[in-house]
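Colleague: So the chains spell out like this:
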Amino acid sequence: MILREKPGTAELLFALRGSVLPHIAPQLALVGVLAVAAMLWDHNVMPLPHLSATPFAVFGVALSLFLGFRNNAAYDRWWEARKLWGGLLADSRSLAREADLFLDDTEIRMQLLRSMRDFLHLHRSALRGLPLPAGEGPDVKLDAMNRLLAEARHNGRLDGFGARTLSARLSGIALAQAGCERIRATPLPYVYSLLVFRTSWLYCLLLPLALVEPAGWLTPVFALIVAYTFFGLAEVTEELAHPFGNTANALPLDAICRLAEIGLAPHLGEAAPPPLQPVNFRLD
Amino acid sequence: MILREKPGTAELLFALRGSVLPHIAPQLALVGVLAVAAMLWDHNVMPLPHLSATPFAVFGVALSLFLGFRNNAAYDRWWEARKLWGGLLADSRSLAREADLFLDDTEIRMQLLRSMRDFLHLHRSALRGLPLPAGEGPDVKLDAMNRLLAEARHNGRLDGFGARTLSARLSGIALAQAGCERIRATPLPYVYSLLVFRTSWLYCLLLPLALVEPAGWLTPVFALIVAYTFFGLAEVTEELAHPFGNTANALPLDAICRLAEIGLAPHLGEAAPPPLQPVNFRLD
Amino acid sequence: MILREKPGTAELLFALRGSVLPHIAPQLALVGVLAVAAMLWDHNVMPLPHLSATPFAVFGVALSLFLGFRNNAAYDRWWEARKLWGGLLADSRSLAREADLFLDDTEIRMQLLRSMRDFLHLHRSALRGLPLPAGEGPDVKLDAMNRLLAEARHNGRLDGFGARTLSARLSGIALAQAGCERIRATPLPYVYSLLVFRTSWLYCLLLPLALVEPAGWLTPVFALIVAYTFFGLAEVTEELAHPFGNTANALPLDAICRLAEIGLAPHLGEAAPPPLQPVNFRLD
Amino acid sequence: MILREKPGTAELLFALRGSVLPHIAPQLALVGVLAVAAMLWDHNVMPLPHLSATPFAVFGVALSLFLGFRNNAAYDRWWEARKLWGGLLADSRSLAREADLFLDDTEIRMQLLRSMRDFLHLHRSALRGLPLPAGEGPDVKLDAMNRLLAEARHNGRLDGFGARTLSARLSGIALAQAGCERIRATPLPYVYSLLVFRTSWLYCLLLPLALVEPAGWLTPVFALIVAYTFFGLAEVTEELAHPFGNTANALPLDAICRLAEIGLAPHLGEAAPPPLQPVNFRLD
Amino acid sequence: MILREKPGTAELLFALRGSVLPHIAPQLALVGVLAVAAMLWDHNVMPLPHLSATPFAVFGVALSLFLGFRNNAAYDRWWEARKLWGGLLADSRSLAREADLFLDDTEIRMQLLRSMRDFLHLHRSALRGLPLPAGEGPDVKLDAMNRLLAEARHNGRLDGFGARTLSARLSGIALAQAGCERIRATPLPYVYSLLVFRTSWLYCLLLPLALVEPAGWLTPVFALIVAYTFFGLAEVTEELAHPFGNTANALPLDAICRLAEIGLAPHLGEAAPPPLQPVNFRLD
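First to last, the sequence lines map onto chains Z, D, L, X and V.
Residue numbers for the first sequence follow this note's numbering, so the first one is 22 and each next one is one higher.
Residue numbers for the second sequence follow this note's numbering, so the first one is 22 and each next one is one higher.
Residue numbers for the third sequence follow this note's numbering, so the first one is 22 and each next one is one higher.
Residue numbers for the fourth sequence follow this note's numbering, so the first one is 22 and each next one is one higher.
Residue numbers for the fifth sequence follow this note's numbering, so the first one is 22 and each next one is one higher.
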């Protein structure tokens, strides 16, 4: 995630970090070259058909519709993923407090909280597609936490009230976990990507035919601006739609896990580690 | 569900798998033929009335409104269905953990979890319209699970805390089940389909009259692009609005059920089956 | 509710069942007659002022805004109402299961479930504005169910866990009931209807002045298409905004109540009635 | 709240009750006079600059964006407020049932339900800005209800299950109360009102310069229609954004409180009062 | 937060308090100067290329899409933050009532409520980025409240029902706290700001080329109006996206904390402080 203030004049002109420009530079170059070629051909070789604005206006409204929908859907995925991790952070803090309140046995409590910490890291790794230790996984860890509770209950160290409270906490964690897995495993329907990219290309490639008459030598400028907005938005959407990826706009799962560690530390009798800081405006 | 990466150049040009093109080819062919015929007739036989952009602009905004609304509503149905199944997956895992915690009797616990597994498959079959075994059904299975709990409670093997916890889990499952049935049994109002398809056809058939003057011999190209965006979106919408169907964009219920089986296996003392993999980019 | 497949060619051309055409035929006829009159007067008697597209484009965007907002709000009402009834269906099934689990006395349990069945029918009748039996009503029935629980509790046949479970179920049902009453008693603000209908009429009546020059003898065709989309959407909205009415797009409350009866039957020791089927594509 | 059927022909032409026309008449008059003056000046004195549609189209899209956003936000406030009061209605009915189930002492129960009734009226008065009795307020009343429960619990007349149930009900009521106070105390950001009203005025005052050429003597008609839609929508928004006010579109809190009284009456052994009826189509 | 009535004529013309005008004055000045320069150069020195409306219409729709999306997302953040604080207010009142009901020991109760009051102020300070006392923080305070409960439970002064109730309250507070931290720590993706500001600048700087022919000497007026709407909306969005900041549109956390103090006072046996009042229309 990029953490920068509202862009000032300098950033507006030059900021590349956090910008989509580097990702769409090849597409822009191609659109620019073709627009220049169309303009030169039209002036010097043979006039191209000069299209009116009509077809592009209709086309543009439809394309905006796709782009807008896809952008909203992708942002919703990103923000829902962030909410789920915010919920997991609150869950880890509440688990520690509920364990203090309902679990008398210090040893079991420590094991439970250490397992919670492990769970968060395993969950993060699974979402990021990192390799997991053999026989380990977020589910295995939650099962282990549940076994701790079952043992404590059978040994009379956890009463019914505590069992209900802590078991509800575990199932809340499992729900957030399944929510993250849902977002990871179910991308936006592929068909939208095809529709959007195909239509954006058609639009940008045909646009010079409509611009060459009214815009003259500014044709490539306008074609580039339009391509910048359309491809830029499509690219941003692609990144936000995968909130657990490794792109600049992905969620800072490492930093959130660290916050959870900070919250668990006093309950484990440990010193809290420092929060992660953004490096070069980027927090991972 | 189609699982592919962001489309590269090759996919943009040639991808048919996951594309709507094959589904709307007949409509596109008809629009293309009529556009060519209108253009030729206008050039060679007798000029057609050349319409200005005005009526189409207004018309196009209204049509975009319908298409956009229907698309949003269909996507919401699809995503809500996915959320409900993600919730069922979490429910099956939490049921196993709660049974471990609150149900001492191993035999009852095994029966309960096996019934849960059967329930998911019966629920999936019912949503997909597959034949159910005689006298079986998701509701029958949930009733059977509840009877297991009632017996355990009367035999003193399930205390009040456990009864509340497990009965709340069952009613959560029943709520998700009713949610899926709601989506299956209540399609998007038919009247929207009529409005959208009728208006799209009128638009595409009349469009050549507005294009023939400004677009010249590019008339069929533009008519086809507009038809592609409008019919393509209408077709995608139709598929997403039925998330439990057998289309390429339907939800991968088999794969989700398999995930639930994997989560239940250790609690049943069984080896976990492997997760389902996409075949030819498609996961069912 | 209309239950039809995706419209094929024949339905696109001729379907009236589920279409709004019959409802807006008078308005369309009036718009058509006036458009023809304007065109003839302009050609033969005296030229009318020929308006440019400008005012209509602005006007059309504003009108689309109203129509789109109202349509979304109406669909949200309809879908929320459907969700509430889907929740009531799940509530009736869970009530039966919870009664099996927590209420030992068969007679009280039967009375409770029969009252639930009566409640659903009374609730449906109240929403539809049908006459209720004297001294009966959904609230009276819920009070009666609560009295059954209170008696069982005082007689020691319902423990604290069961009382909490069943009382939470009743209050969930009361919440869904109040939600349905809210939708029924609080229509979309009347002022939106006035704004939309007044603006639609002004638009359609003035439109021929903008069309007569660019569209020529196609003026009435376009005026009719625009009127079809605007009045059609306004009419659909009106129906969906009243999900408990008797229109073709109202919710099939009879069919949902029947599903609840089917789910309650085995718990009452009765044979399940068959589900309701659509008659002439319509389910009530 | 205005309760009228779908507007028929007569209402479309003449309805003022529930219309925004009376509220925006001065603005419309000013716009009309200025449009006539601009037209006359242009014809008879000296031609004004005749603007093309371009700037107004762009401007109009931006203005629609503001108006649409503000309208959605205001309607969401209004509908959320209605949902909160619908929830309070269900809460009052469920409180009565839960008291019957868990509170044996009739006297305490009566006091509790009478306090609930008082709370609703005090809450309504506070939201409407009416004077409250000295030392009274919705919070004071909820505290009093809680004290009743605390006394019953200490006297052994309310067990743990009942205490949890009734205390959860009270905190649900407190949440709905805080939600209403939030809507009342936090208006839509003022800056939006300024942006919308300033932009609407600029638009309507400059519009005749774009209309005078294409629309001729219809200039004032179009200017008035556009002003009607823009100021009308802004005015409706203003009313809906304050759902607890005294305008025609405010929520009928009196009628909802009466419904709660009707539901509480049988539990208090009283005769139920009749529901409030709309007077001159208006329910308060 | 600015608290003003619906703007009247005087405010429309002159209000600066709560307006974005002061924040965007430099941008507007630059746009105005450039528009005047372009107009003068075009008239007196050498004609600039006169662009048609086409490219700007397409461009404008895309820009509106970005602005609209960003505005919605920012308002949602602002309103969600307000809901979370409204929930915290209700939580503090309900905590006081639940403590009265379930915690017999007056001293522990007083400590708990005083800690709640401290928590709110610490939470507010952390969100606003104010310095916190050494070793203090909202989490530390919640841990201390939990320890109070754990001690009371171990001393037999809090039974299982009370422990579940109060512990659920604490975890609800922790969830709202994590929600606020989420909004504070996760800004809107930076890439949107870049896209919006870059596109707005390009649009406003190129616009005079399209206006100079149709708008003549009104070119700077229209350029300024368009810049006012675009930069104004972008600026408002920036403020609302940071609801815990110190801007005029930030949330009045001081006033909400004061309301919580007023609600806690009677439970602490203290006199309630007066509510905070807006100063110069502004509430902090």
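No lab work stands behind these hints: they were computed from the structure.
Hints may be right or wrong, so weigh each one.
Identical chains blur together in the list; that is why a pair holds if it fits in one copy or across any two.
Claimed, not checked - DMTMM-like mimics (lysine to aspartate or glutamate), calculated; alpha carbons at most 20 Å apart, straight line:
{"hint": "1", "residue 1": "K27", "residue 2": "E234"}
{"hint": "2", "residue 1": "K27", "residue 2": "D97"}
{"hint": "3", "residue 1": "K104", "residue 2": "E32"}
{"hint": "4", "residue 1": "K27", "residue 2": "D139"}
{"hint": "5", "residue 1": "K104", "residue 2": "E157"}
{"hint": "6", "residue 1": "K162", "residue 2": "E128"}
{"hint": "7", "residue 1": "K104", "residue 2": "D125"}
{"hint": "8", "residue 1": "K27", "residue 2": "E157"}
The structure displayed is predicted, hence computed values, not measured ones.
Colleague: Now look at each hint and say whether the structure bears it out.
Modeller: The hints, checked one at a time:
no.: 1; hint: K27 with E234; verdict: neither (38 Å within a copy, 35 Å between copies)
no.: 2; hint: K27 with D97; verdict: between (22 Å within a copy, 19 Å between copies)
no.: 3; hint: K104 with E32; verdict: neither (29 Å within a copy, 34 Å between copies)
no.: 4; hint: K27 with D139; verdict: neither (36 Å within a copy, 32 Å between copies)
no.: 5; hint: K104 with E157; verdict: neither (25 Å within a copy, 26 Å between copies)
no.: 6; hint: K162 with E128; verdict: within (17 Å within a copy, 24 Å between copies)
no.: 7; hint: K104 with D125; verdict: neither (32 Å within a copy, 36 Å between copies)
no.: 8; hint: K27 with E157; verdict: neither (42 Å within a copy, 31 Å between copies)
Comparing the model with each numbered hint stated earlier shows that hints 1, 3, 4, 5, 7, 8 do not hold.
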